[in-house]
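**Q** Chain by chain, the residues run as shown.
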Amino acid sequence: MSDSPDNDGPDDHSPESESSDHHSQARATGQHAFGQTPPSPGAPPVVGLPPRKLFAERAQRLNKLGERVPAMAAYLQFMAMIVEAQHRVLQQPRPSLIGGAELAMTHGIPPLSVDGLWRDMSWPADLEALLDALDTRVEAPQRVWFDALRELPDADRAGLARAVLEGQPLALEQRAMAPLMGAALQVAWTRQARLLPATPPRPAGLGDNLCPCCGAPAVGSLIQIGMARSRVRYLQCGLCASEWYAERAKCVQCGDSRTLDYVSLEDEQGERVLPVQAETCDHCHSYLKRVNREWEADADPLADDLASLTLDMMIADRDLARRAFNPLLVLGEPA
Amino acid sequence: MSINVTRRQFFKLGGAGLASSSLAMMGFAPEPAEASIRQFKLTHAKETRNTCTYCSVGCGILIYSKGDGSKNVEQNVFHIEGDPDHPVSRGSLCPKGAGLLDFVHSKGRLEYPQVREAGSSEWTRITWDDALNRIARHMKDDRDANFVQRTAQGETVNHWTTTGFLAASGSSNESGYITHKVVRNLGMVAFDNQARV
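So the protein lines, in turn, are chains A and B. Taking our numbering, the leading residue of the first sequence gets 1, the next gets one more, and so forth. Taking our numbering, the leading residue of the second sequence gets 1001, the next gets one more, and so forth.
For reference, chain B alone in the conformation it holds in the complex (with noise of 0.2 Å):
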């Protein structure tokens, strides 16, 4: 006779109650354990698991919200903590990791793109689209006016010395590939990391 607990059948609750449970049958009352029903209310979480914005390092993180996920509430994150079974950080974040909640419900947290007009002390709200027309607007007039092919003596250098890149920390190594291409191609030398920061 073989027996096997590995395929077994897992039953579900359904309507049965307590009524039929071992606990009636072995002579304790239901009634007061399916009564207590009343007293209680359920709550839902979840956990998310992320990886820190802020550095190269890449500790990761288990972000936790309330919220049943239904489409009418939005998710509140209460905590943030180290991901216990992350490879790099086992569960350990460095001070500025251990703030992300209040960076998360940060006041001045920067959600969409703002310009501050020059002679304006007024930060107003625009698109992306805007944003990143303006940025290549004055990337392309700058790099125009000042991009440098050749010293005095005749070297080629084919550099531009006068805008800088500060490159996120968080990313991943092809979109790390990816700026460095883009900023090299362009003959950017002032390039720095978040990182670093």
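Isolated chain A, as found in the complex (with noise of 0.2 Å):
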């Protein structure tokens, strides 16, 4: 019943399963002022929780963008290197966190919401668990900010989990240290996003750039493939990668759509470099990344996002806010 590669979760997860599931609880009801509306026959799920395989393909695309992207092939294959750990942290059990999630999504919140649950996630073990799988292949150069972050003591670790999730500028000696606890904070969302029995519908009073998962911001938007899927967009939150319908060629942050630019990058012969385009609205002033997995099937928000810096600076002079949620990055004026 699945038919996108990044769909190999339990049956009750797969988004195909829900495809009655609709934007809001208005429209779940289908009641308007003129009565009941039918189902829209046809129309792609709304919400999709995380695939088992996420973090496993995500490195795998690290790694081939690393191959693509010589500039910054190091870099990337160390980004790689971190994902893979996250994968296998990912597989440790931890206590289940989703209790109150029914009676949240009664009430219109995200059952995983960061503001309710970041200091009873499992993140201080997840980013130790994450230390001692690295422990051995971290090499000189990135030795001592990892050291650093070993010795941290707990109350500054909560310090850098809680700017990293508010997306506070950070002082340059966080700044190393910032990746791998993000790394941390996504590997605990996303494993109480997987147990989560059913997926969330969208709640009607957040923002349709917020994850109604957790209600982190997205790290981008991906156009999808697929049967139910076929070139619909999604957004895939930064934190704990559900993804959630939106509107194609409309700004997601203000929903203007006459503004709209789609930038990307040409190479001298003016072949497409990587499958990212900058959404760049000129009416919120704003960029958020998309990828298109019909160029390229396992393009991935967040590792396309790292490969395609370039594209960052390069309309660095147009003064747009960078939108992107990606807690394994960093950029602008230090705090």
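Check the hints yourself; a few may be wrong.
[What the hints assert, rightly or not] Below, a list of computed lysine to any residue pairs in the SDA-like style, where the Cα atoms sit at most 20 Å apart:
#1 K1012/B x D317/A
#2 K53/A x R119/A
#3 K1041/B x A316/A
#4 K1046/B x C284/A
#5 K250/A x N1050/B
#6 K250/A x K1181/B
Simulated from the structure, these hints should not be mistaken for lab results.
Using the hints, put the two chains back together into the complex; each one sits in its own frame.
**A** Below, the structure written as structure tokens:
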């Protein structure tokens, strides 16, 4: 019943099985002033939970991108190593935190809300496990900050976790440690999202740019492939990697469709470099990257974001806000 | 201690470059990546939502065009495909709709009104005002000559059978209603719609 390559989770998590889900409470019931509408046939699923091999496939993608972008090869290979470790740590069992999920959903609150759960999440244990998994593989240039993170007291770790979640600018000395903390946070939330008994609906009061599972912003958007989701655009959560429907050719932040410009990189021969476009909006002066799986079936919003930093630099003169929440990356002016 | 991810601030890259990024702070040289900018150039594309012009189903389409939208650069349509968000067609198009790109760029595409005078073999360009005036004149003359108020048996019919009307398909319910009112009010009986063609 599943047809997309990223969809190998249990059946009750597969997007195809939730085709009756709708964008909001009002649409879920089909009620409006003129009566009741029948469910729209062929409507794509609205929310998809993270697939089992998310991190394994992302690591593969990063390794592949490392070969294609020689200027960042060492960096992308190192990030692939972190993501591989994320895959292994994700398999470790941790206590379930989805007890209140159903109640939260009936009140239109994301069931894994960051604001409510960040203290209870298993990220301290996941960070420790990531550090253990990577210890023997980290080489000299990365040793300094790696060891500093190992020795960081719990209170400072909590401060760093909070700073990463809130997207604070971070001081220079925190910037090397932040991606590994981000990786631990992703593992903790992704594991809980995969435990959810059913995909949550789109909470009515939540912005289109925020995850229906955890309320965090998206890392980017992707054009999906497969029967049920062919060419439909989804946003992918930067934290728990859930995906949710977002209409194409429309700014996710402000809804504008007139001033959108899709900017991408071409090489000297005029060939596309990566399956990445920056969706820039002159109405709200911001941008979010979009990867197209029709161009490359294994394109990943987070991995391809890291590999396309050149694109960010080349449009920096337009003074647009970068809207992506990529916990594995810190950019911009330091605090 | 509460936390708020939903009201987070989004930063601008500005002139910061990669020197202070996590890439550099983690011990990777930012210079090769920054220098690689010179190998690339930026391309701009637009996606515009529209409705297929052909039939009354009204499938949604996405029109892809190149060009950065600046005043001196004409947008060049390079691809048209079904709109996957459209509630009626869900991204699918029939062979006619799938060929819309060739329709846009067709050499034989009619872009302005033309007339071939009686006895002439040449098409000449005329203005829209001219075209509408000439059509109205022809219609009025024909209607005045051939309008039937009553049949031979004295039954009122008020019909005009010597002129027919073919209406557009890709129009709204409202313009369909107005078209119908105008055409039937003139008494025209031969009336069809491009949607069936």
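**Q** None of the hints should be skipped; say for each whether it holds.
**A** Hints, verified against the model:
With a CA separation close to 10 Å, the supplied pair K1012/B and D317/A stays within the 20 Å bound. For the proposed pair K53/A and R119/A, the alpha carbon gap of about 26 Å is over 20 Å, so the pair is violated. At most 20 Å may separate the alpha-carbon atoms for a hinted pair to count; K1041/B and A316/A meet this at roughly 14 Å. Pair hint K1046/B plus C284/A holds up; C-alpha atoms about 17 Å apart against a cutoff of 20 Å.
As the CA atoms of K250/A and N1050/B are separated by approximately 13 Å, the hinted pair is consistent with the 20 Å bound. Our distance criterion of 20 Å between C-alpha atoms is broken by K250/A and K1181/B, whose separation comes to about 37 Å.
Of the hints listed earlier, those the structure fails to meet are numbers 2 and 6, in rising order.
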